[in-house]
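Chains as they are written, first to last, in our numbering: chain R, 5 to 360; chain S, 1132 to 1681; chain H, 63 to 328.
Read the hints as simulated data drawn from the structure, not as lab findings.
Treat the hints with care, since some could be wrong.
[As the list claims (entries may be wrong)] Computed from the model, here is a short list of chain H residues facing chain S with C-beta under 7 Å:
{"hint": "1", "residue": "135"}
{"hint": "2", "residue": "136"}
{"hint": "3", "residue": "139"}
{"hint": "4", "residue": "142"}
{"hint": "5", "residue": "148"}
{"hint": "6", "residue": "151"}
{"hint": "7", "residue": "156"}
{"hint": "8", "residue": "163"}
{"hint": "9", "residue": "164"}
{"hint": "10", "residue": "168"}
{"hint": "11", "residue": "170"}
{"hint": "12", "residue": "175"}
{"hint": "13", "residue": "177"}
{"hint": "14", "residue": "178"}
{"hint": "15", "residue": "181"}
{"hint": "16", "residue": "182"}
Note that the coordinates shown come from a computational prediction; the quantities given were computed from them, not determined experimentally.
For every residue, glycine included, the Cβ atom is placed at its ideal position computed from N, Cα and C.
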Amino acid sequence: MSEKIKYFLERISWVDIMVWLFGLAILVIAVIGVIGSIHNAYYTKEQWMDFVVFGISQGGVYALIALGYTLVYGILFMINFAHGDIFMAGAFTGYFLAAKLNQYGIYNSHPIISLLLIMLLAMVTSVVVALITERVAYRPLRKAPRLVPLITAIGASFTIEYTFRGLYGSGVEAYPDMKIFVGKTSVLGLRILKVHLLVIILSILLMAALYAYVQYTKAGKAMRAVAEDKDVASLMGVDVDRVIVNTFILGAALAGIAGVLYALIFKQVHFFMGFIPGIKAFTAAVVGGIGNVPGAMLGGFILGIFEALGPGLILEGLGIPASYQLKDVIAFTLLVLVLIFRPTGLMGERLSEEKV
Amino acid sequence: MDSQNTFWKSAVKNGLLAGAIGLYSTLVGLVQAFNKRAVIEQLSLGHITLLLSWGVVAYVFLNHHREAESKGKLIAAGALVGGLGAFLVALLPMTAQWVDYHFVFVHAGPEMYSLLTFGKGPWVGSAMLVAVGALWGVLIALVVSLPTFWRNSVVKAFLITITVGLLSDLFSGMTIGWMFQPFLGVEGLNILGAVLVFGLSIAYDYWSAHRKPKESAEAVATEPTGITKAQLRRMVVGALALVVVAGLPLLLGSYLSHVLNMVGLYTIMGLGLNIVVGYAGLLDLGYVAFFALGAYMMGLLTSTGPLGIAHWTFWEAVPFSILVAMVAGILLGVPVLRMRGDYLAIVTLGFGEIIRILALSNWLKPLIGGAQGILLIPKPPLFGFKIQTPIHFYYLILVGIGLAAFVAYRLRESRLGRAWMAMREDEDVAEAMGIDLVVTKLTAFAFGASFSGLAGAIFASYVGSIFPHSFNLLISINVLSLIIVGGVGSMPGVFVGSLALVGLPELLREFAEYRMLIYGLSLIAMMLLKPEGFWPEPIRKRELREEVGD
Amino acid sequence: MEPILIAKGVTKRFGGLVAVNNLDFTIERGSIASVIGPNGAGKTTFFNCITGFYTPEEGKIIFDGREIQGLTPDRVTRMGIARTYQNIRLFSNMTALENIMVGRHPLMHHQWWDAILHTRRYKREEQEALEAARRLLNFVGLQGLGDQLARNLPYGAQRRLEIARALASEPKLLLLDEPTAGMNPQETSEMIRFIRHLRDELGLSILLIEHDMKVVMTISEKIAVMDFGKKIAEGKPEEIQRNPRVIEAYLGRGAASGIKSATATA
Chain R
5 MSEKIKYFLE RISWVDIMVW LFGLAILVIA VIGVIGSIHN AYYTKEQWMD FVVFGISQGG
65 VYALIALGYT LVYGILFMIN FAHGDIFMAG AFTGYFLAAK LNQYGIYNSH PIISLLLIML
125 LAMVTSVVVA LITERVAYRP LRKAPRLVPL ITAIGASFTI EYTFRGLYGS GVEAYPDMKI
185 FVGKTSVLGL RILKVHLLVI ILSILLMAAL YAYVQYTKAG KAMRAVAEDK DVASLMGVDV
245 DRVIVNTFIL GAALAGIAGV LYALIFKQVH FFMGFIPGIK AFTAAVVGGI GNVPGAMLGG
305 FILGIFEALG PGLILEGLGI PASYQLKDVI AFTLLVLVLI FRPTGLMGER LSEEKV
Chain S
1132 MDSQNTFWKS AVKNGLLAGA IGLYSTLVGL VQAFNKRAVI EQLSLGHITL LLSWGVVAYV
1192 FLNHHREAES KGKLIAAGAL VGGLGAFLVA LLPMTAQWVD YHFVFVHAGP EMYSLLTFGK
1252 GPWVGSAMLV AVGALWGVLI ALVVSLPTFW RNSVVKAFLI TITVGLLSDL FSGMTIGWMF
1312 QPFLGVEGLN ILGAVLVFGL SIAYDYWSAH RKPKESAEAV ATEPTGITKA QLRRMVVGAL
1372 ALVVVAGLPL LLGSYLSHVL NMVGLYTIMG LGLNIVVGYA GLLDLGYVAF FALGAYMMGL
1432 LTSTGPLGIA HWTFWEAVPF SILVAMVAGI LLGVPVLRMR GDYLAIVTLG FGEIIRILAL
1492 SNWLKPLIGG AQGILLIPKP PLFGFKIQTP IHFYYLILVG IGLAAFVAYR LRESRLGRAW
1552 MAMREDEDVA EAMGIDLVVT KLTAFAFGAS FSGLAGAIFA SYVGSIFPHS FNLLISINVL
1612 SLIIVGGVGS MPGVFVGSLA LVGLPELLRE FAEYRMLIYG LSLIAMMLLK PEGFWPEPIR
1672 KRELREEVGD
Chain H
63 MEPILIAKGV TKRFGGLVAV NNLDFTIERG SIASVIGPNG AGKTTFFNCI TGFYTPEEGK
123 IIFDGREIQG LTPDRVTRMG IARTYQNIRL FSNMTALENI MVGRHPLMHH QWWDAILHTR
183 RYKREEQEAL EAARRLLNFV GLQGLGDQLA RNLPYGAQRR LEIARALASE PKLLLLDEPT
243 AGMNPQETSE MIRFIRHLRD ELGLSILLIE HDMKVVMTIS EKIAVMDFGK KIAEGKPEEI
303 QRNPRVIEAY LGRGAASGIK SATATA
């Protein structure tokens, strides 16, 4: 008998047990919080629905940014730390066009055209910034040890932030309201904000388009080939440099549009606005399984919804005041939990081990 | 004929590049902001920024073609690059009457235009600007066509003169500042000082170039006593360094001592993170969490305000600050034990943010003060005397650095240190060599965290009050960057990195707005040009160079 | 005499693929045994099961009288098994000497406080480790190269350094994964001599994975042949050479010439 116990004890990993217990403890606390919140009925059903819809639209933005992280990570195995700032570049630049259009009255007389123009400008700006960053800061370092490009990316992040602060100023600017998107509308019997509806629809359309692009076009296939194995892909005649540039363009274009959508939800733009969404989006990419395109989308929505619901649903039930302050804590806790129970993210990472 | 065409095409391209960089620095506002700082007499840093943005492009371009092209052509090309660069910048004031740049670019405005045109109006002024650009290009072409030794020496002397001019406040701020007065203007160097620095630099180059062979012969000779001259010299240098280090704050005065203190605190943190990242290869972006814990522990245990819980002295509280940070390092280390590099980075970053957000929250406000932080943290007493001024703290921090460096060095030279490095190189193989990865990782986290806790404790006592805003992600990134700028895994590198990334920006505070921009740009430049750091471990240098090069 | 290692019914699966299938194998104390087989036959997986890198789903691995399957690699190493890798895996940014000293890790017991305070235990162990590392450098013929970074050593030296690192833990059983891969005939015969020398001088038991038939036939006392995760034959070199199933397995993959030339030289 004691032989058996000894045999068993020798093979137990205390670390795994502790980590699992840690994860379970958080889950139990979360459940207690949820029960508390529901029991006390702090919010009405409508308010909960509002939270969810807000979460989905915010999640859509996260997902769009997360795609940029995941695409670049899938190919270069680097965290493009500056991606959040590329998102900011688009949103901030778009503001000036919005303000000009508003000044001449076009903004509200031709809202769809205005929105398309603003998105186009935001996309182009983001893409240009991303291309310059890639060319100057990342390309020369492709074969460097992993820390080096990470530091460069951090440097690029600061550089972009403070360049735009220098160019556009340190003030907070606000996108003007677009009249047709003010107020609520009914969808399937739910009253939801029109802006949220717009953001949700657009982000889903864009994601579908991206998925189709990566999955079915020749360029998308080349991209996946490079992600799988750079050397083999280049032997097969794929221009790896070209594919990497394409990846940055694609990610940046999505980030630029995400910037405009973000500005539509939150109205305000400023030079530092890319930082937090950038980190959140990277978190979303990891939650979904980095390198995995559908994973990034799923991760974005899950993170968005958790963040919107978590404070009210979990923390208030635990009696924590001003719980909205802690929404970022929820996001990061979710990340830790996912990594504890599913180390490769929800949908699994698309990386071969030896490359990392 | 064909190569001629490509040469001129390339010159035009470089002129455009020079213009683009010039426009960038103008529109971002660098030129205008730096104009407030005179470097040599009337020549401001703003002017120098413009000249440098054209000059660097011209220099690199001309230097590339130095062998192939005649001197006359180089001069013409220099004028072209400089002139074209200046012309692009001059387009701003020229077109300003028709285009409202200010709507988008905050810095575009009459003040900028008048600065660019020397106050002479858009047309005359722009012509002058282009002329200056072209002349500058010619000057650079002349320098490029000098023989190698003189060319390098002149460029170096030029850069050194600018640096000295820029940092001349440092000299006047010293307690012995009067000694430098004859060479300083109201701000920056005067002509005499500039010429002197320039000349000294070249003279030094000349001297060191002609001295070398003699010196190496000298080093070989051994004294009969068994102590080589090199050893003797090292001892003398060591003793001198000790005296300088001990006397430095008396020489520098209060403000510069404060700057050094910040450098010192970052050095302690850097030594700790160097264990985690440099030795053990664990990428930690949430390092600020332990700094915050150390500081809050010190605050809670010693504060005489309403939040103080123990009213202890600094000395009683320090071990607890270190211990709490260490335990937190282990606790936060456990969930990430099984995580791979980049996941580790984002999760640790998350931990750092969680600590900051919790410190800021209303939830924990009754305990740790929320956004209002903890006030009234007393200074450390010492045998009836109070460690109070920055100069006093300098010595306290010096002791802290000594302790941290001692521990880090001794650990590195042990079984544990080798286990860390083996793990950095190859985790699987390290495990197959009998290394317990759990223990090895957790000790790395624990030691890293404890150094940070020590720095946090000293910091809390030094500034007297702490706020959650002092503990943002920027600190983690700063510490990570400084160990990389210094050279990963290198202990002296940590100090060099702190000087460069913490000391310099403190000194250049008046450009506060652009501090981070310059910081970001230099991080990129550093990684591109010198990825092994300023003071690398000899081993590390070979590695990084080889991988970047091939 | 009791065997040093007994594998009984070891099975390791990856999803649907059975990499090692119900494998039995015994290594006698002080002998040189080999596992051969075509690429992907499961030889390295078997190695990884022994060293604890993988946990076999079924079966037992008994080392020196104790069951070791499922233990973590560091514990297996501390019990006395050391290994080298097919594609040399040195700590490339550490010097040769440091590499060997890392290998000695299981024999050292000083803790961090010993290192900080430079206690007697620390000094004694470090001194011993340094001397042992120097001795091993000489033993594998790398004297004078101790301060070179491992990555800068020539290929053959890296192979030998890897063996020295494995020997530093003073193992009872040494696992060598294709020690002659990528070597020319002269280097190969030197390596053969060296492996024999290891056994004769240090009294080690050695398990080899090899592709090179000549090497296997020359130095092994016992050979197991694997194909598709299964052991298809086991015995002395001359028995293996005559075994029809082995010849078939190799002929099917066009490696008959290897067998023949090995037979000719043996």
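For each hint, the structure was consulted:
Taking 7 Å as the C-beta cut-off, the interface hint given for residue 135 of chain H holds, the closest approach to chain S being about 5 Å. Contact between residue 136 of chain H and chain S, as hinted, is supported at the beta carbon level, the nearest pair being about 5 Å apart and thus within 7 Å. Checking residue 139 of chain H against chain S: minimum C-beta separation of about 4 Å stays under 7 Å; hint holds. Because the closest C-beta pair between residue 142 of chain H and chain S is about 10 Å apart, greater than 7 Å, the hint is violated.
With a least beta-carbon distance of about 12 Å to chain S, the hint placing residue 148 of chain H at the interface is violated under the 7 Å criterion. Interface hint status for residue 151 of chain H: upheld, as the beta-carbon distance to the closest one in chain S is roughly 5 Å, under 7 Å. Because the smallest distance between the Cβ of residue 156 of chain H and any Cβ of chain S comes to about 6 Å, under 7 Å, the interface hint for this residue holds. The restraint placing residue 163 of chain H at the interface with chain S holds, with a minimum CB-CB distance near 6 Å, inside the 7 Å limit.
Taking 7 Å as the C-beta contact cut-off toward chain S, the hint placing residue 164 of chain H at the interface holds, the least distance being around 5 Å. Annotation: interface hint on residue 168 of chain H holds; nearest CB of chain S at approximately 4 Å, less than 7 Å. Taking 7 Å as the C-beta contact cut-off toward chain S, the hint placing residue 170 of chain H at the interface holds, the least distance being around 5 Å. Restraint check, residue 175 of chain H versus chain S: the minimum CB separation of about 10 Å is more than 7 Å; hint violated.
Interface hint status for residue 177 of chain H: upheld, as the beta-carbon distance to the closest one in chain S is roughly 3 Å, under 7 Å. Restraint check, residue 178 of chain H versus chain S: the minimum CB separation of about 5 Å is within 7 Å; hint holds. With a cut of 7 Å, the hint placing residue 181 of chain H at the interface with chain S is violated, because the nearest CB-to-CB distance is about 11 Å. Nearest Cβ of chain S to the Cβ of residue 182 of chain H: about 14 Å, over the 7 Å cut. The hint is violated.
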